[in-house]
Amino acid sequence: MDSLHAIGFYVSAAISVGGGLLVAFLPGRGPRGIALAVSGLGIAGLYASLSADFAGLVALACYAGCALLIAGPRYRVVDTPVGFAWRQAGAVGAAALFAVLAYAAFRGDFVSASYRGGEIGTAAIGRVLFAHDALATEAVGALVLVALVGATAAWRARDRR
Amino acid sequence: MSAGLVPVLFVAVALVAVGAFVATWKRDLSSALAGLPLMFGGAGVAFAGAARFSAAGDPKIFGQEVAVLLAVAALALVALGVGIAGRGTSR
Numbered sequence: 001m002d003s004l005h006a007i008g009f010y011v012s013a014a015i016s017v018g019g020g021l022l023v024a025f026l027p028g029r030g031p032r033g034i035a036l037a038v039s040g041l042g043i044a045g046l047y048a049s050l051s052a053d054f055a056g057l058v059a060l061a062c063y064a065g066c067a068l069l070i071a072g073p074r075y076r077v078v079d080t081p082v083g084f085a086w087r088q089a090g091a092v093g094a095a096a097l098f099a100v101l102a103y104a105a106f107r108g109d110f111v112s113a114s115y116r117g118g119e120i121g122t123a124a125i126g127r128v129l130f131a132h133d134a135l136a137t138e139a140v141g142a143l144v145l146v147a148l149v150g151a152t153a154a155w156r157a158r159d160r161r
Numbered sequence: 001m002s003a004g005l006v007p008v009l010f011v012a013v014a015l016v017a018v019g020a021f022v023a024t025w026k027r028d029l030s031s032a033l034a035g036l037p038l039m040f041g042g043a044g045v046a047f048a049g050a051a052r053f054s055a056a057g058d059p060k061i062f063g064q065e066v067a068v069l070l071a072v073a074a075l076a077l078v079a080l081g082v083g084i085a086g087r088g089t090s091r
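As they're listed, the protein sequences go chains B and F.
So in this note's numbering, spot 102 of the first sequence is number 102, and the numbers just go up one at a time.
So in this note's numbering, spot 90 of the second sequence is number 90, and the numbers just go up one at a time.
Treat the hints with care, since some could be wrong.
Unchecked claim - What follows is a list of derived Cβ distance ranges for each label pair:
1. F:G4 with B:P27: 35 to 43 Å
2. F:F62 with B:P73: 33 to 41 Å
3. B:V146 with F:V6: 31 to 39 Å
FYI, nobody ran anything at the bench for these hints, they're computed from the structure.
Just so we're clear, the structure is a prediction, and the values are computed from it rather than from any experiment.
Ideal Cβ positions, reconstructed from N, Cα and C, are used throughout, including at glycine.
My request is simple: use the sequences and hints to build the entire structure.
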């Protein structure tokens, strides 16, 4: 990875993680949606710096959709009965997860190798998606279908009330 | 300046941890849904990084494929979650 890609990688990493933290701490659905969009922009930049340009484009579109859903007028608040102590324990668990995984990444013995990336490669990814791993693609397609049907049914049921 | 597999995995771990933090910290379940794309994004970055720095000679696109699938799945799950949560009150 050359210096330009490395700078892009670190800047994108800061944007994505910072945006994620803003999602946690910003009040209101509008700012949270914007923060999620910023985080998605950073994740797309990470993909681009890793020579996964097509994945970056798809991630950009998908995270923009997620941000619109979070910030949109269809958003509703559902309070959880879980108390503050349990949520704090979950947050500490997230920090512990970070520590364990970071230690595993730091202590891991990885092979260094060169890579001839740099092109978007939509045809190659399409061949993998629809030929080699067609079952996984079908599973995600079924998940999208169920999600859209479920969301539509839930919205229509609420509108009828 | 350079970046290898270890910084990529660090960033992926940070994204997963931030997503888990969002999912557990927010009292509102709909807000906690926003942690889901972050965790999926972290997993996708790990896959893309592993493919980018794999030892094979040819470019491996399996990681990119999984990253694409994870991004689409995250969008679908957020849409489903927001739809199911539609019986709450607007804020």
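Against the structure, the hints come out as follows:
With their beta carbons about 38 Å apart, G4 (chain F) and P27 (chain B) fall inside the hinted range of 35 to 43 Å. The supplied range of 33 to 41 Å is met by F62 (chain F) and P73 (chain B), whose beta-carbon atoms lie about 39 Å from each other. A beta carbon spacing of about 38 Å between V146 (chain B) and V6 (chain F) agrees with the range 31 to 39 Å that was offered as a hint.
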